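*Asks:* Sequence:
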Amino acid sequence: MTRPRLYSGMQPSADSLQIGNYIGALLQWRDLQEEYQAFFSVVDLHALTQPNDPAELREKTRRTAAQYIAAGIEPSKSTLYVQSHVRAHAELAWVLSTITGFGEANRMTQFKDKSARYGADQTNVGLFTYPVLMAADILLYQTDIVPVGDDQKQHVELTRDLAERFNSRYGQTFRMPMPVIQQDTARIYDLQNPTAKMSKSAESDAGVLWMLDDPAVSAKKIMRAVTDSEGVVRYDKENKPGVSNLLVIYAALTGRQIPSIEDEYAGRGYGDFKKGLAEVVVNEFGPVRARALELLDDPAELDRVLAANADRAAEVADATLADVYAKVGLLRRG
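Each residue of the sequence shown is one higher than the one before, counting from 464 in our numbering.
Hints are computed from structural coordinates only; laboratory data are not their basis.
Predicted model, so just to flag it, every value in this text is computed and none were measured.
Among these hints, one or two may not hold up.
[As the list claims (entries may be wrong)] No farther apart than 27 Å at their CA atoms in a straight line, the calculated lysine-lysine pairs in the DSS-like style are these:
id, residue 1, residue 2
1, LYS738, LYS703
2, LYS684, LYS703
3, LYS663, LYS738
4, LYS616, LYS684
[Said to hold, decoys possible] Per label pair, the in silico range of CB-to-CB distance:
id, residue 1, residue 2, range
5, VAL643, ARG550, 23 to 29 Å
6, GLN720, MET639, 55 to 61 Å
7, ASP774, ARG521, 18 to 24 Å
8, ALA659, LEU520, 23 to 29 Å
9, PRO467, SER560, 34 to 40 Å
10, GLN720, GLY566, 42 to 48 Å
11, ALA789, ASP624, 29 to 35 Å
12, ALA679, TYR633, 25 to 31 Å
13, ARG687, PRO467, 39 to 45 Å
14, ILE644, GLN720, 20 to 26 Å
We put the beta carbon where it would ideally sit given N, CA and C, even for glycine.
From just these sequences and the hints, can you work out the full model?
*Replies:* Structural data, given as structure tokens:
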């Protein structure tokens, strides 16, 4: 029996992924690849919607792929590739853009937020059509589920709308993908501003735990994390956001329940709690960091692995694209 398919990806927008990417995406992907025929992409075409230095983008793409592998995404088990290495992504995006209404694209929340923040003159058309390219990413692989954060749910809903519209006009072509939204407890917040989601674009590096940070740097950031004056290790997201965020990280990395951690540190204060968490983070990220750096020391081998996986991805994607081209009436090349 053929396993159902999964698609997900992240942009290569920083030299290192951060702990929110690890807990919210990579740990989930690692488990899901056991159940699904999984396609994981480094979505470098999406990254072009922001200004990039070309050499830096290439390096960030390799570094992101290396961290996928180091975190447990196995290229022999999943199809792990670079988005731009499979041309069908851009080609299907164009076809889908021709059945996407301007109004529905204009309603996408992320575009509205970013265009309001930066202004029309600083907002490119690529950012406007970003959700259409994301729809192509998903539909190319006849995807059944899409693990995403809740900020991407609207884009998956547009993908479903486009799939249904295309199927209605041209006959059954695409499967209907379902979003799988990460649980709220998996959302990680900035260590210095625990009411803001931890982000690769954070104003201060002090609040971000990078997967490739030196272990001593990670430990220092945790010891300096914002808490409160109560001195009690207790989960209360509204009144104790800093401590609650640290508890979520601790629980996610150890597989323990938060009440069990609260009991362990009852009466011991924040110093002991932070030391314990620092040890957990360093022990978790140490092997991941070492493996990622090992992969990056041999870029030719890493590129070979990515190319072989891109070939596997292209076999599936090209078959879907050929079906689409035939159905919309494009003349087959002789």
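*Asks:* Which numbered hints does this structure break?
*Replies:* Going through the list in order, the structure violates hints 4, 6, 9, 11 and 12 and respects the others.
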